[in-house]
Every structure is written in structure tokens, then in C-alpha cells.
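A.B. asks: Here is how the chains run, residue by residue.
2 protein chains.
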Amino acid sequence: MITLGLDLGGTKIAAAVVRDGEVLARRRRATPQTGAADVIAALVETAAALLERHPEAEAVGIGCPGPLDFERGRVRFAPNIAGMEDAPLVAALTEQLALPVVLENDANAAGYAEHRYGAARDLVSSVYVTLSTGIGGGVFVGDRVLRGAHGLAGEIGHMTLLPGGPVGGDGHSGSWEALAAGRSMARDASYVFSREVSTAELFERARDGDAKALAIVDNAAHFTGVGLANIVKVIDPHGFVLGGGVSGVGPFYLDRVRAALERASHGYPQPELRVAELGDDAGVIGAAAVAAVETAAAPVTGG
Amino acid sequence: MITLGLDLGGTKIAAAVVRDGEVLARRRRATPQTGAADVIAALVETAAALLERHPEAEAVGIGCPGPLDFERGRVRFAPNIAGMEDAPLVAALTEQLALPVVLENDANAAGYAEHRYGAARDLVSSVYVTLSTGIGGGVFVGDRVLRGAHGLAGEIGHMTLLPGGPVGGDGHSGSWEALAAGRSMARDASYVFSREVSTAELFERARDGDAKALAIVDNAAHFTGVGLANIVKVIDPHGFVLGGGVSGVGPFYLDRVRAALERASHGYPQPELRVAELGDDAGVIGAAAVAAVETAAAPVTGG
Chain L
3 MITLGLDLGG
13 TKIAAAVVRD
23 GEVLARRRRA
33 TPQTGAADVI
43 AALVETAAAL
53 LERHPEAEAV
63 GIGCPGPLDF
73 ERGRVRFAPN
83 IAGMEDAPLV
93 AALTEQLALP
103 VVLENDANAA
113 GYAEHRYGAA
123 RDLVSSVYVT
133 LSTGIGGGVF
143 VGDRVLRGAH
153 GLAGEIGHMT
163 LLPGGPVGGD
173 GHSGSWEALA
183 AGRSMARDAS
193 YVFSREVSTA
203 ELFERARDGD
213 AKALAIVDNA
223 AHFTGVGLAN
233 IVKVIDPHGF
243 VLGGGVSGVG
253 PFYLDRVRAA
263 LERASHGYPQ
273 PELRVAELGD
283 DAGVIGAAAV
293 AAVETAAAPV
303 TGG
Chain R
3 MITLGLDLGG
13 TKIAAAVVRD
23 GEVLARRRRA
33 TPQTGAADVI
43 AALVETAAAL
53 LERHPEAEAV
63 GIGCPGPLDF
73 ERGRVRFAPN
83 IAGMEDAPLV
93 AALTEQLALP
103 VVLENDANAA
113 GYAEHRYGAA
123 RDLVSSVYVT
133 LSTGIGGGVF
143 VGDRVLRGAH
153 GLAGEIGHMT
163 LLPGGPVGGD
173 GHSGSWEALA
183 AGRSMARDAS
193 YVFSREVSTA
203 ELFERARDGD
213 AKALAIVDNA
223 AHFTGVGLAN
233 IVKVIDPHGF
243 VLGGGVSGVG
253 PFYLDRVRAA
263 LERASHGYPQ
273 PELRVAELGD
283 DAGVIGAAAV
293 AAVETAAAPV
303 TGG
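So the protein sequences, as listed, match chains L and R.
Reminder that position 169 of the first sequence reads as 171 in the working numbering, one-by-one numbering, no gaps.
Reminder that position 151 of the second sequence reads as 153 in the working numbering, one-by-one numbering, no gaps.
None of these hints come from the bench; they were simulated from the model.
Incorrect hints may appear among the rest.
Any copy will do: because identical chains look the same in the list, a pair fits if it lies in one copy or spans two.
As the list claims (entries may be wrong) - Straight-line C-alpha distance at most 25 Å; calculated SDA-like pairs for lysine to any residue:
hint : residue 1 : residue 2
1    : K14       : G68
2    : K14       : A50
3    : K214      : P165
Looking at chain L on its own, in the form it has when it is part of the complex (with noise of 0.2 Å):
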């Protein structure tokens, strides 16, 4: 089947017809800061563009940041993304466009790319785990995104790793992401050493052998193998594919996380843990994947 793909980021909309993972024909542009009735305007146009020269496309596929009304097909909210609050977006596109829509979050999205056509594609389950400024992901079985019964099934970065730890940017103390997200590392580092220190200048020195540096660093490894390692405890998945900024550090990190993992796992039989392959491409043809899975079957809300 093929599908359009629609990725909504609170700077740029990208958009492709895809077919099978394939990207046949793409569009980019900036995302309008001017409120929800623009930023749907915009996507309807750059889908409409594809849409002409590829009439084929059987349904519309949108991924979209912020907690989702997935029965609504509304988004809540987008924190990034100025006036998206309460946005009738799959009503709005399925009206201009014509075409069924399915809206699906950004991280189970590009997620889900991984697991059908990128890292995980020989895998029957997996895991995607962003390690980014957070830490955020998606879960995915056979052919099909777990959402969960509210659409939060994925937000493995607030799992609570150190009750009493750091409090996060949820006002919640000891979860995964803030204990190991690339944010939390700079916090950290800025603290160590009495100035602003970026993720980036953290892993500079660590890899410098900065004794300080280093100690932060397998911390956030640490934490990442425990959050890794509850997971495989909840749904032992055949793998986890690690995309996002701290993932693209190379060996240097993620030899320290398969270690952790390794030692939080006490023996348990170790998943694949791979690096995402798709990069900017993993957003639109995971959209447009969901919308051929969901309108080729009924979904399972809770599956």
C-alpha cells in the first residue's frame, strides 16, 4: 500500500509517500509559529503537493508530539509547538484531504519505523528508546504499536529509577530521564563544574579522560541500563533500537549502557540492543507505515 507520511516538529513538517519504507517523493518545511489553524493549513498544503503527483496514496499518516486524544484525534497539547492546544487535526486533514488519517505520536512513529524497516526489522518485538534531551519511546509487537489504554504506553522515560533522585521537568523525583537524559547530563555537569557545560563538551571530556566528566557519564549509563533492564523484567522485548542525539555519541556510550544493562540484568538473557538506522527519514515513513497498518486492520486499542 502506499501512504503519506506526515511528521509535525515544533520547527519543521516533513512529509513523504512512502511505499513498503521506501520514500518515493518528500517535502519539508518550517513549521508556522502562528497558531493551530496555520500549522494545519501548512500540513494540508505540503500533503496536498505530494498528494497531486501521487494520487495512489491510500490514506495519511501523522506524527505528532504532545500527549495525543487518540479517540478524538485531537492533540492535547505540543509544549514545542506554539498554539497546538486541543488541535482537531485528524477531523481537519481527513475533511481536506480526503483520505482516512491516522494520527500516532512522534516517538512511536519514527519508533516504529525502526522496528518495521530500520534497526529492528528482523526482530518481532522492540523496544525504541530516544536518549535525547529526554528520553521518550515506543513499543512495538509484531506488526502493531502498543499504545496502551491511554495512548501512554512508551513513556518508559518517566519510569521512577531512584525514588528520592533529582526531580525532573515533571516536578517527579528519580525518573530514567532525570537521571539520564542528555539535559540531566549537562545539569549535572554544569554543577561540577561551576559553569554552563554542554552534553556535547561533557562527553568531550569525558572521553578526555576528565575523572569528574566520566564519573557523570557512566552514572547516565548506569541509569540507562536499569531503565533497559526493567523493561526486559515487563515485556523481555527481542531488542531495543537506541535513537536521538546520546545515542549517536558511538561505542564510547554504548558499550558503557550494554554493560549496564548487562549487570542490571543478573543473568537474564541479554535483547539485541542496535542504533537507529533511519535518521530524519524514520519520522514520515513510520507515519505513513502506521496508516497503512491501521487501515489495512482494525486496530486493538490496547494492543
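Got chain L sorted already, so can you dock chain R onto it with the hints?
C.D. replies: Quick look at chain R alone, frame taken from chain L:
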């Protein structure tokens, strides 16, 4: 479909002929303590006696403790059953009963019974949590048991909730089980009161208002809330079913767990939190139901 369910425990073997969660006939006997061959013979004898009067049964399900080798249909080892090591349960039963035999983890079997016919029968997805001497569980989505890549899904009691916390029976530090299972509460009570204190006595003292006993109970409820909230953040199930001895304590404990789950969820929608309904029958009903669903459809290894 009518199927036979077997529940192999450390002290007893239970068996039942079951149709859609309803027990049509049952049998029970002591588990031989004289090795795998005798255990298998006892299972065959118990099953055969029921099948003679119910030849309409189309398959056999068996719930077993201990790590299982699903691919080879074997019990790797069962700590509570003498001589059960690498026991070829499925091959032996299939040959002697001349019916398809499906092996399942005992917690998965009991949880599946609750999911399909008990406390969670109206929920699309549920997680069964045994709060007992230890903490175990099972994950159910739609009509399927989520087994995971290595049959380890639902080993939730081994999640790390407090790195550096007390060491558990598996040598692992800070697991949910080591922090909040019945045996860990008894450990803490025995330490606090400088003599052997059972979980039952601990709860009695806590109900009577003993501040130290109450602190132990509150601490365990806190970590159980954190454990449940962590599961929500991975798969967002429609509900939890609590089984095992500690769940039998009633509202005095469950209200504390519910409050702890809410605290640890920091504003997320709350899942249903229910107590198991099927009692001792859960094991046989679940084993029979797994046999029915697995022989009716091709099993999904990872799903």
C-alpha cells in the same frame, strides 16, 4: 472449545475440564516428591482420569513454576519440585494423552484466567501481579499472553526500584521483590523487632497502630505503587489484577498501594486496580484457556 487444564505446584497437582472459563469437572492430588518421572506419571494419571469421562476435550494446558523452555516444551528447573530439571513435560504428556499440549508459566496461567474470565474480563489489556512470598506476574493484551523473546515477560518482581537497596534471593540489589514482597516485609519486621515476625503478625501489629509495623507496611506499599506506575509507563495497561496472599489483606493494604500508585503516576490517568476473583481455580482455568487459544491460533512468539 473444551480443554483440560493442569496446575503443577510444589505440593499439589490440580486438574480441571474447562469450557469458556467454567469448570466442568476437577481432580486434585499431592505432587510426588520423588523426581520428574513420578511427577509426569502423576500428571498423566490425573489428566487421563478426567479425559476418560470428558473425551470431548481437544487440548491440554499445563501451568508450571520455574523458568520454562517454551521452544522445547521443557521445565528448565522448578526450585520447589524435587528433581524437575530439564523435564520434557510437553513431549511426555503429548505422547501419553494423545492431545496437543501447551506449556505455560504458572503466574501467566493464573493471570490469564483473571484476564479472560475473572477480575479483568472486561479489560482489553491487563497485568496480573502476585503479591505473595515473592512478586511475579503476567502481561495480557487482547486474548494473548505476552511471553516475550525468552519467555521472561511478566518477571516484574525483578525490576530494580532502588539501586543499592536490599539484596534479594537472586543476589540482585533493590528489586521490587526485595523491597515489598511478603518475605521482605517479614525480613524487615524481624529486624525491627529483633525476633522472627511473620507477614501476618506484621499486618496485625500495623492494624493495631504500631508505628514501626506501619512504617514497614507503608514502605512496601510505596514500592509496590512505584512498581505498578513503572509498568504503566512501559505498556499503559487498562488495569492490574492483584493476586497472592498479600492482596488478601484487604483495603488496609490495597488503599495504601492505590495511593502510592497515584503518587508515583504524577498526574497520569489511573489504571483499574482490582483483586483476583478466581481463587485456587485460576491456575487450571488459565492453563485450559491458554491451551484453547494457542491451539485455535498460531502462537505469536513475541506477542
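A.B. asks: At most 25 Å between alpha carbons: which applies to K14 and A50, within, between, both or neither?
C.D. replies: Close inside one copy (17 Å), not across copies (67 Å); limit 25 Å.
A.B. asks: When no copy is specified for K214 and P165, does a C-alpha distance of 25 Å or less occur within a copy, between copies, both, or neither?
C.D. replies: For K214 and P165, both the intra-copy (24 Å) and inter-copy (21 Å) Cα distances are at most 25 Å.
A.B. asks: Measure nothing new, just compare the shortest in-copy and cross-copy C-alpha distances for K14 and G68 to 25 Å and report within, between, both or neither.
C.D. replies: Close inside one copy (15 Å), not across copies (51 Å); limit 25 Å.
In this structure, every one of the numbered hints holds.
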